Amino acid sequence: MFGEGILKGLGETARNFAGSFVSAERLTTVQYPEERIAPIEATRDFPFLVYDGTDWEAGLRCVACQICEKECPPKCIYIVKSTDKKPDALGKPQIYPARFDIDISVCMSCQICVEVCPFEAIKMDTEFELSTTDRFGGLLYDKKELAKSNEHYHKIHPTEAAEVDARLLEEKVKSEAKAKAAAAAAAAKAAAGTVAGPAAAKPAAPAVSAAKTAEGEKQG
Amino acid sequence: MIEKADQIFVILGHWLVSFLPVPLQHAALVLLGVVAIIVTFPALFAITVLLERKGLGRMQNRYGPNRVGPYGLFQPIADGLKSLTKEDIVPLSADAVVHFLAPVLLVVVVFMGYAVLPIGRNMTLVNMDAGLLFFFAIGASSELSVFMAGWSSRNKYSLLGAMRAVAQMISYEVPLLMSSVAVVMMTGSLSLGKIVDVQNQYTFGLPHWYIFTPWGCAGFILFAIAATAETNRSPFDLPEGESELVAGYFTEYSGFKFALFFLGEYVGMMGISGLGTTLFLGGYSSPLLVLNWVPSWIWFFSKIMLSMCVFIWVRGTLPRLRQDQLMNFAWKFVLPLSLLNLIVAGIWRFMGDGLLRWIVCSAILLLAYVVMARLGMKREHFGPRSYRYAE
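Order-wise, the sequence lines are chains A and B.
Using our numbering, count along the first sequence one by one with no gaps and you end on 222.
Using our numbering, count along the second sequence one by one with no gaps and you end on 373.
These are computed hints drawn from the structure, not numbers from a lab.
On a predicted model such as this, the values are computed, not experimentally measured, just so you know.
Virtual Cβ for every residue (Gly too), placed ideally from N, Cα, C.
Mixed in with the good hints, there may be bad ones.
[As the list claims (entries may be wrong)] To give a feel for the contact side, a few chain A residues facing chain B, derived at Cβ under 8 Å:
| id | residue |
| --- | --- |
| 1 | S22 |
| 2 | L29 |
| 3 | N152 |
| 4 | H154 |
[Unchecked claim] Output of the computed footprint for chain B on chain A, the stretches with three or more beta carbons under 8 Å from beta carbons of chain B:
| id | stretch |
| --- | --- |
| 5 | 11 to 19 |
| 6 | 30 to 40 |
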């Protein structure tokens, strides 16, 4: 009432002023380029393409299905499908992206591409020091710049990457078992249908494709 | 030796001038003084800005600027270069001439105030008999520059800021003058040199500063409040009001014109601190008789810098007032108290020496303060907020 509130306030600021010189915990500022705090695990900014193994080009999980390109709200992804097929990490022949560009100046870090990807091929990165002197070319990342190893993914998002790996392994085991069963069935059919000829071999193919779609749904 | 150190600038000036022919010497000496003022105070301004940014930072538990040079000491230089190289934009619909003149006028006016301030012993540029009057007359012109800036910008924020500034500055001009008039009454002179001379005496090694009397202490506090408002400093920085008015009257200024406003504001603050120092804190006189060997100008500058630190401290502490609070405070609290202070100064003058006048004057002022505070708080007492819903 008589100005003692003002005096109290002045005392408080004086205490802060003096205290910031003596106690380090008062100064919460992290002096960025020299000091850094480790990013929290859920940090994300821009997408990258995961590859298995050591060769980035051969190991890319992406099969150029273009789902992410279609789902991307700001339309920052540009994919050109390859015309030929190359063996992927599992050795299966797959279509691969001849071109995969992301314009990170357009990307809004929504993570929708990650969520729609059925192949765990695109994930969010944590790299944020991306400034460049070339604002067009420098911010348009091509396949090579986007490709990062699975180890990198493990490093930045350990929990999530472990889950993804477990899921992929499970699928791999399942598909191998299925392939084995299909192969066995085909062999049995072939053995049984030597008389019936090529007409009997036909139903085997739809059975395989049906199994594939079921698998795709599970992944989605 | 002590005398030499005290008078070093005077001696230096006379020595420099002695190379010129005699008829030119006087004019050259004055010119030299002007140059010295124009160089010194912007340098102090740079130091103050750095102090403010670092000090405010520390008060808010941050580092403040620490990137440019060691400990960020070159920050003012970087700021100056930046404002020099920035584009100077004049709005298309602005009144270009007035828009240009406003910052110039502010800086000119603010520097002219220093002409009458006794910076040290024999270091007054113009030892005017009516120095105090001159200072206030010149100081009042800064309102004109503020309004010119706000009006010529043709921007609603600028104009609002300028309106606020004019209302505020005129309101606080009155208590500012009233609290200084007490000093004039006691000294019997408007000359700032004379006012300092009267205070530059010592009993038991303690100075006769006016702040050490009841009326002087009250007068100094009132003067400080009014001076803060007069220079548009926080908590009275409504004319700038960056949270609601962008930057108030200098919203439309950029580049070096903006820097001139900034400079004008701080140099004005230093000027009014210098006046307050002269009136109540004994100007260039030392706080203890035993410290009289320190050159007088050092005392003046340290008192100015100390009051700048208080300005910064207050800015770091108090939030901005509302417009009605500002006006109420000026007209219902500061002005009545400063008027009463005039009466108390008269009582002090005519009661003669002795303990009695101390008791009487302090009692009157304290009583008035308590009563005014209670009255002021009465209407501010709000009950719990109630809501009424529409049926």
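Self-check item: Interface hint outcome for S22/A [beta carbon to chain B under 8 Å]
Solution: 5 Å, holds
inquiry  = Under 8 Å is the threshold here; is the Cβ of H154/A close enough to any Cβ of chain B for the hint to stand?
reply    = 32 Å, violated
- Restraint outcome when L29/A is required to lie within 8 Å of chain B by C-beta distance: 6 Å, holds
query = For the stretch 11 to 19 of chain A, do three or more residues have a beta carbon lying closer than 8 Å to a beta carbon of chain B?
reply = holds (count 7)
Count residues of the stretch 30 to 40 of chain A with a Cβ under 8 Å from any Cβ of chain B, then say if the count reaches three. holds (count 3)
With chain B as the partner, please determine if N152/A meets the hint condition of a C-beta pair closer than 8 Å. Violated. Min distance 39 Å.
In the structure shown, a violation is registered for the earlier hints numbered 3, 4, in ascending order.
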